[in-house]
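Chemist: We have chain Y; now place chains C and R onto it with these hints.
Chains as they are written, first to last, in the working numbering: chain Y, 124 to 446; chain C, 98 to 326; chain R, 4 to 282.
Calculated directly from the structure, the hints in this document are not laboratory data.
Computed from a prediction, not measured in an experiment: that's the story for all the values here.
Not one of these hints is a red herring.
Chain C regions said to be covered by chain Y (calculated; three or more residues, Cβ under 8 Å):
| # | stretch |
| --- | --- |
| 1 | 172-185 |
| 2 | 285-296 |
Below are the PhoX-like pairs computed for lysine-lysine, each with C-alpha atoms no more than 25 Å apart in a straight line:
| # | chain 1 | residue 1 | chain 2 | residue 2 |
| --- | --- | --- | --- | --- |
| 3 | R | K160 | C | K115 |
| 4 | R | K79 | Y | K205 |
| 5 | R | K252 | R | K68 |
| 6 | R | K68 | Y | K205 |
| 7 | Y | K196 | R | K217 |
| 8 | R | K84 | Y | K220 |
| 9 | R | K172 | C | K115 |
| 10 | R | K68 | R | K227 |
| 11 | C | K186 | R | K148 |
| 12 | R | K193 | Y | K196 |
| 13 | C | K186 | R | K146 |
| 14 | Y | K196 | R | K266 |
| 15 | R | K193 | C | K186 |
| 16 | R | K238 | R | K116 |
| 17 | Y | K196 | R | K191 |
| 18 | Y | K205 | R | K84 |
| 19 | R | K191 | C | K186 |
By construction, the Cβ of each residue, glycine as well, lies at the ideal position given by its N, Cα and C atoms.
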Amino acid sequence: MGGGTMTVTTEAPTPKARPARKSKQQVSVLFDAPGPRARLRNNVITLVAAVILLGIVYAIVARLNEADQFQGKLWEPFLDGKVWTEFILPGLVGTLKVTVVAAVLAMLFGIVFGLGRLSDHWWVRWPSAAIVEGFRAIPLLLLIFFIFSGPPTIANGLNREFPEVTAFTAVVIGLTLYNGSVLAEIVRAGINAVPRGQSEAAYAVGLRKGGVMRLVLLPQATTAMLPAIVSQMVVLLKDSALGWIVAYEDLLNAGFRVVGANYGNLIPAAIVITLIYILLNMALGYLAQWLEGRSRRSRKSAATTLSADPNKLPESGLGGGVA
Amino acid sequence: MNWNVLFDFSPLVDEFDKILGAFWSTIRLSLMTGVLALILGTILAGMRVSPTPVLRAAGTFYVNTLRNTPLTLVLLFCSLALSDTLGLKLSNVSTVNFYWLAVFGLSAYTAAFVCEALRSGINTVPVGQAEAARAIGLTFTQSLRMVVLPQAFRAVIAPLGSITIAMMKNTTVVLVASYLEAAALMKDMFEEYGATLPIFLGFAAGFMILTLPTGFLFGWAAKRWAVAR
Amino acid sequence: MRVRRIGVALAGVAAVGMALTGCSEKKASSVADKDKLIIGVKYDQPSLGLKTTSGVEGIDVDVAKYIAKKLGVAEKDIEFKEARSANRETFLQNGTVDMIIATYSITEARKPKVTFAGPWVITHQDIMIRSDDTSIKDLASLKGKKLCAVSGSNSWKNITEGPNKLNLKVATETVPAQGYDECMTKLKGKSIDAISTDATILAGFVNREGSSFKVANAAFTDEKYGVGLKKGDTKGCEAINKAIADMYKDGTAQQLWTKWFGKANLPFETAQPPAEGCA
Numbered sequence: 124m125g126g127g128t129m130t131v132t133t134e135a136p137t138p139k140a141r142p143a144r145k146s147k148q149q150v151s152v153l154f155d156a157p158g159p160r161a162r163l164r165n166n167v168i169t170l171v172a173a174v175i176l177l178g179i180v181y182a183i184v185a186r187l188n189e190a191d192q193f194q195g196k197l198w199e200p201f202l203d204g205k206v207w208t209e210f211i212l213p214g215l216v217g218t219l220k221v222t223v224v225a226a227v228l229a230m231l232f233g234i235v236f237g238l239g240r241l242s243d244h245w246w247v248r249w250p251s252a253a254i255v256e257g258f259r260a261i262p263l264l265l266l267i268f269f270i271f272s273g274p275p276t277i278a279n280g281l282n283r284e285f286p287e288v289t290a291f292t293a294v295v296i297g298l299t300l301y302n303g304s305v306l307a308e309i310v311r312a313g314i315n316a317v318p319r320g321q322s323e324a325a326y327a328v329g330l331r332k333g334g335v336m337r338l339v340l341l342p343q344a345t346t347a348m349l350p351a352i353v354s355q356m357v358v359l360l361k362d363s364a365l366g367w368i369v370a371y372e373d374l375l376n377a378g379f380r381v382v383g384a385n386y387g388n389l390i391p392a393a394i395v396i397t398l399i400y401i402l403l404n405m406a407l408g409y410l411a412q413w414l415e416g417r418s419r420r421s422r423k424s425a426a427t428t429l430s431a432d433p434n435k436l437p438e439s440g441l442g443g444g445v446a
Numbered sequence: 098m099n100w101n102v103l104f105d106f107s108p109l110v111d112e113f114d115k116i117l118g119a120f121w122s123t124i125r126l127s128l129m130t131g132v133l134a135l136i137l138g139t140i141l142a143g144m145r146v147s148p149t150p151v152l153r154a155a156g157t158f159y160v161n162t163l164r165n166t167p168l169t170l171v172l173l174f175c176s177l178a179l180s181d182t183l184g185l186k187l188s189n190v191s192t193v194n195f196y197w198l199a200v201f202g203l204s205a206y207t208a209a210f211v212c213e214a215l216r217s218g219i220n221t222v223p224v225g226q227a228e229a230a231r232a233i234g235l236t237f238t239q240s241l242r243m244v245v246l247p248q249a250f251r252a253v254i255a256p257l258g259s260i261t262i263a264m265m266k267n268t269t270v271v272l273v274a275s276y277l278e279a280a281a282l283m284k285d286m287f288e289e290y291g292a293t294l295p296i297f298l299g300f301a302a303g304f305m306i307l308t309l310p311t312g313f314l315f316g317w318a319a320k321r322w323a324v325a326r
Numbered sequence: 004m005r006v007r008r009i010g011v012a013l014a015g016v017a018a019v020g021m022a023l024t025g026c027s028e029k030k031a032s033s034v035a036d037k038d039k040l041i042i043g044v045k046y047d048q049p050s051l052g053l054k055t056t057s058g059v060e061g062i063d064v065d066v067a068k069y070i071a072k073k074l075g076v077a078e079k080d081i082e083f084k085e086a087r088s089a090n091r092e093t094f095l096q097n098g099t100v101d102m103i104i105a106t107y108s109i110t111e112a113r114k115p116k117v118t119f120a121g122p123w124v125i126t127h128q129d130i131m132i133r134s135d136d137t138s139i140k141d142l143a144s145l146k147g148k149k150l151c152a153v154s155g156s157n158s159w160k161n162i163t164e165g166p167n168k169l170n171l172k173v174a175t176e177t178v179p180a181q182g183y184d185e186c187m188t189k190l191k192g193k194s195i196d197a198i199s200t201d202a203t204i205l206a207g208f209v210n211r212e213g214s215s216f217k218v219a220n221a222a223f224t225d226e227k228y229g230v231g232l233k234k235g236d237t238k239g240c241e242a243i244n245k246a247i248a249d250m251y252k253d254g255t256a257q258q259l260w261t262k263w264f265g266k267a268n269l270p271f272e273t274a275q276p277p278a279e280g281c282a
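So here's chain Y without its partners, still in its complex pose (with noise of 0.2 Å):
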């Protein structure tokens, strides 16, 4: 991501230190200005890549366009405002859903395990770190599927009542339980963030363990974290479309599913839909980065800002941020 490069230090950086962005600078880490030969050879190197890419781009749209894809019949329905409003919002907004509330209880998750994991008592640190870890260790989609298909079996074997487990609620419990864990580890990261004279000065004037953290670290904190929390929204939002495998209605089960049932354009479907998803996702990371340039630039916080980049989380131990 384009912003500054700082990583998270545990001192307070002085404002003198906070390097304005300098992708200038970046790119010349590697290379000097060019010289007139430099410059001759960009431009060769320019030409060759610019052939070689087209050569791909028109390998594909010819191999696709040999096997009928383009047939307008198969786009066709893209053009129906029907399809749109039938199958496609709807999926949307399914997907929108499932990431919304997901994302909402990952959040206290989060700040529940997150707190769990600093406090001073080793019962409540330990199980709360075996929950954190254990979660991010097991695959969502292992979890998506016991979640879905556990709760009846074993509810059976002891003669109890069924719960109800819908595909929305295994997606979410399964979303939660996941991000959340990642979520705990962004939530300590931040609090830690905090410079230690800050809870030190809090204790000073008297504060309590409850205060201090309410009052002085987690509204810092919160302004650190925001940038690495809305970048873990885009994992959330990808990982949404797992509910396709227990058949949740989200916008890759109406979309490409359904759509392609209709109609027999698979491919199309899925190039329409993939589309929506990424323009999704670069409005979430663009957010992330917005807020992090602005939290960067305010004073309000001592708090280094936690990157939306996922690559400069401290201690991002096991899997967190990516994929």
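Modeler: Okay, now just chains C and R, sitting in the frame of chain Y:
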């Protein structure tokens, strides 16, 4: 009352060979994907930091596209579009064909993340290092190979660890691309024995056996080769 | 102090979860007593259950509407939900749907998990191939060919492991897929050579795709299409069996069959298939 749903681990024992086979598929997928994603990701990172605008744009386009597409769709594209419609057949044996398509899809997806991690890593190398390299007369490739990349790779060990673990977990999604591994077997066993807790715990443990040591390994390596600054 | 707040937060999470899933809602237990029905149908099977821009349509849907009417449920009180081959049992068990009419064959393996009413028709499993493929004529010639294996469906197992009418075990190469539409794409692209499933489903695809595919006419099983109910709902099952008998008596069964499969020339038995009894 049938306590088997909570305590009967015998299906795991009965099907042990199958389970080992399924996890072996997972491991084979992960290893091959890991290698290919690292290669492709490095090439992409090279493109994204190159002085050639066309390459930069192409790299950015690739990363933005793949990173923002759900993996499920990437894999569906590989099996349905690449293989079934465009006729890309990597082998006449369909399991081999779909193994490679799954690897291809996973690698293409993971490479976008590897690329971003590497680019972040390159950006952590102080400008002075590159300036010094140029000052002593190293060419672009030399400074990249001898000064920038060694430091960048060390800085990205931890993020690469995260990506590797995410990728191992992501192998479960390849069941949509007509290749069967551990997640598909768990689903089959759910159908055969019912979705009992022990079966789920068994498979979850299987993945933990794969992911947790990988995490520790990368964590240790990141500390061991940390660049002191 | 903080611990208490965590406790409160956890309770909050649980409460929100309960509210979202509607855990507290209790429903009448037999489909015969309900004023509203949630019926599971296929969403991706042309001529059987297909979600179109103007709602769900197909013979499964029409039969479902007929049965619901006989159970005293008006058409506006029916909610159709998608049920896939792989999750039909789960949907009934966990109450996602009240009833499933989704190309649902009555089999011994399913009987312990599901109470079946019907069958409302008997069809056969058959194979579909590309029209220009002359190498496959019957089950035996599938040997060494690539066959689509849809997750949760039993049809390909009937060919590779039996049982089938010919008592054959054909060594095919199976290619897993998540649904029949994927199989169609694979068949077009020659990733597979044959799709095996109920003749009704295949006829639906031939209706949609036209002449590039054909059904081999090599029936190898009898499929008794039933109405899936939550295990133990014998009252609902008996009510539905009566509705099915009416459907044959008043000619609706024949009429619906012609409406959906007349074009594909799928033969129809005018006599009602014997009811299986509600267990």
